[in-house]
Structures are given as structure tokens and as C-alpha cells.
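Go by the hints and put chain B onto chain A.
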Amino acid sequence: MECREVAGLADAFIDGELEAPRRAAVAAHLLGCMDCRRLVEETREMVEAIRDQAPYYTAPAGLAARVAEAPALALPPDIRDSRWNVRRRARQWSLAASFLAVAVFSSLATYRLAVPTSGEILVDELVSGHVRSLMVDHLTDVASSDQHTVKPWFNGKLDLAPPVKDLTTRGFPLVGGRLDYVGGRPAAVLVYRHRQHVINLFIVPDNPQRPTTAAPVVRHGFNVLAWRDAGLQFWAVSDLAVEDLGKFRELVREAES
Amino acid sequence: MEPRQKGALPGGSAVTDDDDRDRRAERRRFDDVALPHLDAAFNLARWLVGTHADAQDVVQDAFLRALRHFDGYRGGDARSWVLSIVRRCSYTWLARNGAAETLPLADDAVMAEPGGPEDPELAALRGADRRRLATLIERLPPAFREVLVLRDLEEMSYREIALACDIPVGTVMSRLARARTALRRAWEKPIAKEPAPREKDRGV
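Protein chains in written order, with this note's numbering: chain A, 1 to 257; chain B, 1 to 204.
For the record, the hints were derived by calculation from the structure and aren't laboratory data.
Just so it is clear, CB atoms sit at the ideal spot from N, CA and C, and this is done for glycine as well.
Among the clues, some could well be false.
Listed below are the simulated SDA-like cross-link pairs for lysine to any residue, each with C-alpha atoms no more than 25 Å apart in a straight line [unchecked claim]:
1. B:K189 / A:M34
2. A:K247 / A:L232
3. B:K189 / A:P55
4. A:K151 / A:A161
5. B:K189 / A:G221
6. B:K189 / A:G8
7. B:K189 / A:R44
8. A:K247 / A:F222
9. A:K151 / A:G8
10. B:K189 / A:F222
11. B:K189 / A:Q53
12. B:K189 / A:H194
13. B:K189 / A:R51
14. B:K189 / A:E42
15. A:K247 / A:S133
16. B:K189 / A:A49
17. A:K151 / A:V198
18. A:K165 / A:A65
19. B:K189 / A:L39
20. B:K189 / A:E45
21. B:K189 / A:R37
22. B:K189 / A:L232
23. A:K157 / A:Q196
24. A:K165 / A:F222
25. A:K157 / A:F222
26. B:K189 / A:R4
27. A:K151 / A:E250
28. B:K189 / A:E48
29. B:K189 / A:A54
30. A:K247 / A:H194
31. B:K189 / A:R38
32. B:K189 / A:A7
33. A:K247 / A:H148
34. A:K151 / A:K247
Each pair of labels, with its calculated beta carbon distance range [unchecked claim]:
35. B:R130 / A:E41: 20 to 26 Å
36. A:P60 / B:R96: 51 to 57 Å
37. A:P55 / B:R96: 21 to 27 Å
38. B:R23 / A:G8: 31 to 37 Å
Chain A on its own, in the form it takes in the complex (with noise of 0.2 Å):
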């Protein structure tokens, strides 16, 4: 993929809007390209300026009011004027006081469901990180089970230095590592085994404002587990049960500290 295709699809790309294969080539020219890097990176903070700092301008208490009122008159005056009118009357102050809850209400709740796009679209990135490491043969840069070549193998490459432990003791022997790119900036994978199963482990420098869920989250199939630890964010992806993914993640909690 070329950078000017790539510099089309910036957006969708953030947006989480791509298919799957296409998302896959952009992630991969992105990994070799520092301009388009640049260039998805000021996007992405463009977007966040805008979601933060831009106005979003909720309906005023008394819009609510208006609308309930004025779709009232739409009912026929002969119906108006009948012998329901007490009874609708009251009815109607009742509607009026209800449609003000569900206004205030869903104000809020929109608000709050609003927010966890991010998190999705970063939970989509590392499913699709993991499939394509699985498809296109690239599972790994390094690959050796020995942690002594994978470790100083991400020198110079990475702004951190991952903790990388061979668990092949604990069944899970480290396959290697490799560099992708999730969630705007590039991160560096740790592939274990686990009998017929891939772990994907990526990591990054942690950042506060980052979502992370504690629970496991189920994408296509696959669980991704994230946590975490001594200034760093992992996240462990894979199609092995949960229980299992669970173990793997104290072990290399355990083997950190």
C-alpha cells in the first residue's frame, strides 16, 4: 500500500471503519512508514481536541417541554373538546413530566455511552493484530524461545524495554517477539504457546487516559485479558479459554516482579 492510499484511509483507520484486510495493510505500511505515522498520530489527536474541547450542546430543559406541547395540537379538535377533556388534560401534565425524565435521563445516559468507542476500536486493533500475525505468516521478527536473544532484540526499536521471560517451565514457552502498531503508536508482541494455542502479548508504555477494561473481553472469538503493571499496559490476546489466559497472565505478572 502506497502512502497516499494510506493518507485516504487515515480516518477510517482511526475511526475503527476499515475491513479487516484493509485495516491489516494500513497497520502494516504504518509499522514501515514514520510520515503516514505522523500523519494518522496528528489526526488522532485532532479527533481527541475535537471530542474533548469541542461544545456539544445538550437540548435546554425547557425544549423537551416545547416538543412534548407541540405535537399535542396534531390531535383533532373534536377530540379536544370531548368529554375526555379533563381526564386528558391531566394526562397530557403527567406525558409532560415523563418526557422531561426521559429527557434528562437519556441526556445523561447518552453522555455516558458515548465514551467507550475508544476502547472498542483499541480492542479491535489488537484482535486484528493478532489475526494477522497468525495470516500472514508474520508472527514473528525474532523468533527464538531463548529471552536472553528476544529482550535485546527491541533495543533501539521501541521506547521501552519489555519484560520478556521464557514460561516454557510453566507451559508456556515464548515463540519470540515482534513489533506492530496499536492504538496510534507502535508496540511490542510477545508470542507464547500454549499447546495448539498463539498468545499474542503486546505492550506498551502506560498511559492513564488509555481504556482498559479488567474483565476479559470476547472479540471474534478470541478473549483478550488487559492489565497493568510497573509503568507499562498489556494486553494478552488469544483464542485460548479464559481460565487459561487468566494463568498466563499471573505467570508473567509473577515472573516481573
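Below, chain B without anything else, positioned relative to chain A:
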């Protein structure tokens, strides 16, 4: 939200009672569908027509219209449906009122703000940034502004935006990209005195 049955109740009393009940049920169903999106409606209208008061009128008009055409609503994405009507009403309003070139804040005023020796200097700076950003968004042509607002403030998917704006998804994508690029360039640019910043003025 399943459609309620038109009620031909047994023991048919006065026809108006049934009619009344039907209308009421229809109203309630409308309220369930449309009212949760009042904020989204107001936000879009406010960004398109430019002032609070006008946005209120537009939204009220839009909801009235939505109710009248509620039988045309076939389920599906309610927010996109409501917003498509709000959007049309906004454009009707703009056409009638001459699509006023809204430039609510002079850039000079924005620039003059930071630097005051008051204690919340940073807050002032941030406030100025916010206002500047809002101003820049307001300067985008409406077709680009609406897509940006629906995506970045309303957080709708491209498909939902395509439905609301009645354009293909590909157009959503390209308009959004162009809107953000224009915004990014204007944002990075030292503040221009001219109302409409042109790309070739500075070699960015």
C-alpha cells in the same frame, strides 16, 4: 419497539374513543422512538444554524414533522431517522434565513485572552482554545461540518451518518477526512486575520 395493533376493540363504543386511544398509543410510541434523541437533535441543529434560539425552533419544527410522518418510519436506526429530519429542517431554515456567515468570535478577541496575569492562566488558555476550535468548526461548510459533528461529537458510525445525511458511506469517509484535514491545518496555522483562511496564503 414493535408497532402497536390498531385497536378495533370489541363492544365498539364511541369511535372517537378508539381513535383517541390509537393516537395516544402512536404518540407514546413516537416518544419512545424520538425523544431519547432530543440532545442529538439539538446539538446537530445548533451546529448547523448557529444559535441556541434558532436551534430550538428548528428542533421543535423537526419533531412536529417527525410525528406527522411517523407512519413512514419503518423501525431501524431511530437516531439517524430523527437526525435526518432535523438536518432537513436546519437546511430549510438556512435557506430561508440566508445561511448567515456565522463568525461569532473575532480571532483577535480569542488571541487577546491568554496572557492575563490572573491565576487560572491555564484555564483561560484552554477556554480560548475551545472557543477557537468551535469557531473553526463553525467555519467549515455545512456539508462537512455535519459529518464531523455526527462522527466526533455524536460518535455515530459511518453507516449511521450516511443514513442521516442521505449520502453514500464513501462520501461520509471522504468528507470527514477533508473536514478534519482542513481543521487541522487551520488549527496549526498562526491565527489569520481574514475570516476565511485560504490554504495558499501560507505554504502549509
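Consistency of the hints with the structure:
{"no.": "1", "hint": "B:K189 / A:M34", "verdict": "23 Å, holds"}
{"no.": "2", "hint": "A:K247 / A:L232", "verdict": "19 Å, holds"}
{"no.": "3", "hint": "B:K189 / A:P55", "verdict": "21 Å, holds"}
{"no.": "4", "hint": "A:K151 / A:A161", "verdict": "7 Å, holds"}
{"no.": "5", "hint": "B:K189 / A:G221", "verdict": "46 Å, violated"}
{"no.": "6", "hint": "B:K189 / A:G8", "verdict": "22 Å, holds"}
{"no.": "7", "hint": "B:K189 / A:R44", "verdict": "18 Å, holds"}
{"no.": "8", "hint": "A:K247 / A:F222", "verdict": "16 Å, holds"}
{"no.": "9", "hint": "A:K151 / A:G8", "verdict": "36 Å, violated"}
{"no.": "10", "hint": "B:K189 / A:F222", "verdict": "44 Å, violated"}
{"no.": "11", "hint": "B:K189 / A:Q53", "verdict": "18 Å, holds"}
{"no.": "12", "hint": "B:K189 / A:H194", "verdict": "53 Å, violated"}
{"no.": "13", "hint": "B:K189 / A:R51", "verdict": "20 Å, holds"}
{"no.": "14", "hint": "B:K189 / A:E42", "verdict": "14 Å, holds"}
{"no.": "15", "hint": "A:K247 / A:S133", "verdict": "22 Å, holds"}
{"no.": "16", "hint": "B:K189 / A:A49", "verdict": "16 Å, holds"}
{"no.": "17", "hint": "A:K151 / A:V198", "verdict": "19 Å, holds"}
{"no.": "18", "hint": "A:K165 / A:A65", "verdict": "63 Å, violated"}
{"no.": "19", "hint": "B:K189 / A:L39", "verdict": "16 Å, holds"}
{"no.": "20", "hint": "B:K189 / A:E45", "verdict": "16 Å, holds"}
{"no.": "21", "hint": "B:K189 / A:R37", "verdict": "21 Å, holds"}
{"no.": "22", "hint": "B:K189 / A:L232", "verdict": "35 Å, violated"}
{"no.": "23", "hint": "A:K157 / A:Q196", "verdict": "30 Å, violated"}
{"no.": "24", "hint": "A:K165 / A:F222", "verdict": "23 Å, holds"}
{"no.": "25", "hint": "A:K157 / A:F222", "verdict": "28 Å, violated"}
{"no.": "26", "hint": "B:K189 / A:R4", "verdict": "23 Å, holds"}
{"no.": "27", "hint": "A:K151 / A:E250", "verdict": "20 Å, holds"}
{"no.": "28", "hint": "B:K189 / A:E48", "verdict": "18 Å, holds"}
{"no.": "29", "hint": "B:K189 / A:A54", "verdict": "18 Å, holds"}
{"no.": "30", "hint": "A:K247 / A:H194", "verdict": "11 Å, holds"}
{"no.": "31", "hint": "B:K189 / A:R38", "verdict": "17 Å, holds"}
{"no.": "32", "hint": "B:K189 / A:A7", "verdict": "20 Å, holds"}
{"no.": "33", "hint": "A:K247 / A:H148", "verdict": "23 Å, holds"}
{"no.": "34", "hint": "A:K151 / A:K247", "verdict": "22 Å, holds"}
{"no.": "35", "hint": "B:R130 / A:E41: 20 to 26 Å", "verdict": "22 Å, holds"}
{"no.": "36", "hint": "A:P60 / B:R96: 51 to 57 Å", "verdict": "22 Å, violated"}
{"no.": "37", "hint": "A:P55 / B:R96: 21 to 27 Å", "verdict": "25 Å, holds"}
{"no.": "38", "hint": "B:R23 / A:G8: 31 to 37 Å", "verdict": "50 Å, violated"}
Hint compliance for this structure: hints 5, 9, 10, 12, 18, 22, 23, 25, 36, 38 are not met, and every other hint is.
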